[in-house]
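Undergrad: Based on the hints, put chain B in the right spot on chain A.
Chains as they are written, first to last, in UniProt numbering: chain A, 1 to 292; chain B, 1 to 292.
Calculated from the structure, these hints are not laboratory results.
For glycine and all other residues, C-beta sits at the position ideal for the given N, C-alpha and C.
Hints should not be assumed to be uniformly reliable.
[Said to hold, decoys possible] Computed beta-carbon distance windows for the label pairs:
1. B:Gly29 to A:Ala244: 34 to 44 Å
2. A:Glu240 to B:Val151: 15 to 25 Å
3. A:Ala76 to B:Lys134: 54 to 64 Å
4. B:Glu243 to A:Glu243: 27 to 37 Å
Number of protein chains: 2
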Amino acid sequence: MQEILDATQAGDWRTLDPKNTLYLDLANGRVVIELAPAFAPAHVANIRALAKSGYWNGLSINRSQDNFVVQWGDPAEDDKDRKPLGRGAKAKLPAEFARKSDGLVFDRLPDADGWAPEVGFVDGFPAARDPAAKTAWMAHCYGTVGAGRDVAADSSNGTELYVVTGQSPRQLDRNITVVGRVVQGIELLSVLPRGTGPLGFYVQPTQRTPIQAIRLAADVPKKERTAIEVLRTGTPAFAELVEARRNRRDDWYKHMAGHIDLCNVPLPTRAPPVAPAQAQKAPSAKGKKARK
Amino acid sequence: MQEILDATQAGDWRTLDPKNTLYLDLANGRVVIELAPAFAPAHVANIRALAKSGYWNGLSINRSQDNFVVQWGDPAEDDKDRKPLGRGAKAKLPAEFARKSDGLVFDRLPDADGWAPEVGFVDGFPAARDPAAKTAWMAHCYGTVGAGRDVAADSSNGTELYVVTGQSPRQLDRNITVVGRVVQGIELLSVLPRGTGPLGFYVQPTQRTPIQAIRLAADVPKKERTAIEVLRTGTPAFAELVEARRNRRDDWYKHMAGHIDLCNVPLPTRAPPVAPAQAQKAPSAKGKKARK
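One chain only, chain A, in its complex shape (with noise of 0.2 Å):
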């Protein structure tokens, strides 16, 4: 994988948009997101706004289930305890559980897989399509960020959301509005102890950890922000990516695959290279190795 990622050009890597990222402050480190307006835009505009408003701050991770996901907001049961919402954000969104398909570039896997007709990848989203319905919508896989939410399919509203910790729970697409992935940090999030209540919720509050803020990198002074570099998947060296995966080359592997799951697909980021100028003043930076 990392002859592959060594021989990539300038062009096919990507800057998050700092419009589409948001970062999850801790006491121990940053967790970073891409939104994905492209599928949930009424959930990012909200969250946007929430996070704009400072709506997060102080609030906590309150559920952490082995194997499953972990889900942070507001930690109060009565809706009369909760903290308003700020300035600009909508207590109410409608369900954005899939799209059309039509204007979506669609970097499909070769492979099958039992939960859609199709799977792939939309600006590095894993996705998934069904051709005779003209329909898209986001995959569930490790680090896919959704929006909580109750019996109605329109009671989401971004404010609680929630990161896949475990193996791929495929069964939730189409039923609940996915808004990005995490892109860096999830090391932060699967590591919480497991809540012991119901659904892993913490039973007491001071199991919770809190959240220091959340922000939109756009919200963010430059000096701030966390720069990383996404790899396109609609490039060739993506699918190069894929196939060196599908078909394990290393002398470790005995038996090859010639299969790939959707989520088992690694999404390669790096810290932005270094400019030549900068190299020579600090010649032992270096671009950080993508994981796996």
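TA: Positioned in the frame of chain A, the structure of chain B alone reads:
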């Protein structure tokens, strides 16, 4: 799901066989692993011998790679520094990646899978089968335990064990010897801080988690054993459970998946029900609810 479990009969459950049950005891609790001698007889025999000799006692958990595996064994890098194997344990074993499917009761899942011609369960273990080659093997799902190896296929001997703590890495199927699965306590492993060295190994020895003991349940006094029952995967109750997960009937779900992946199927466990006479003495004792 709970309704289906509540309707089960005593015969739908089986007690773990103490000869095939391994206890990994940490300072904060116990991980219970069921071994699979039907698939890896040589490795399981060696693991029993290693446990009997106290091989792992005082060794440590040395690796936690996010969305992949946690691994334990001897952290020494040089062979000369490694703990000697105990009496009866072999240094070299054959690879046990797959076996003949003859003689196995294979409870097949109704759904397709891109990794194998057929998937299902053998005695409660997620497994796969190739009818043409007449072979079967255990699948890498969340909780699957395997024997780490180097490049040579026959370089594992069961001293280095790993457990899957992320998205099912099915590309490992037929490439490494699977020895069993975690039945209880995986949350003690899945929350371990991720190692920052290559492959998630801990950089500092102090970051490793000490292993108090790994013992075969049969070698542990009865009163110190953990009583667990697992739902038999060949029962109508299990088939009903699978179907209830393929098509979720509760009000929350708006779209039925009509599908389930092998590694999404829950494998229910419970504490053995309290016998009526004892129940009268301890009316508050209840069968532990199966997770998820």
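Undergrad: Confirm or reject each hint.
TA: A quick look at each hint next to the structure:
In this structure, Gly29 (chain B) and Ala244 (chain A) meet the distance hint of 34 to 44 Å, their C-beta atoms being roughly 39 Å apart. Hint check: Glu240 (chain A) to Val151 (chain B), Cβ distance near 24 Å, so the stated range 15 to 25 Å holds. For the hinted restraint 54 to 64 Å between Ala76 (chain A) and Lys134 (chain B), the CB-CB distance of approximately 59 Å keeps it satisfied. At roughly 36 Å, the beta-carbon separation of Glu243 (chain B) and Glu243 (chain A) lies within the given 27 to 37 Å, and the hint holds.
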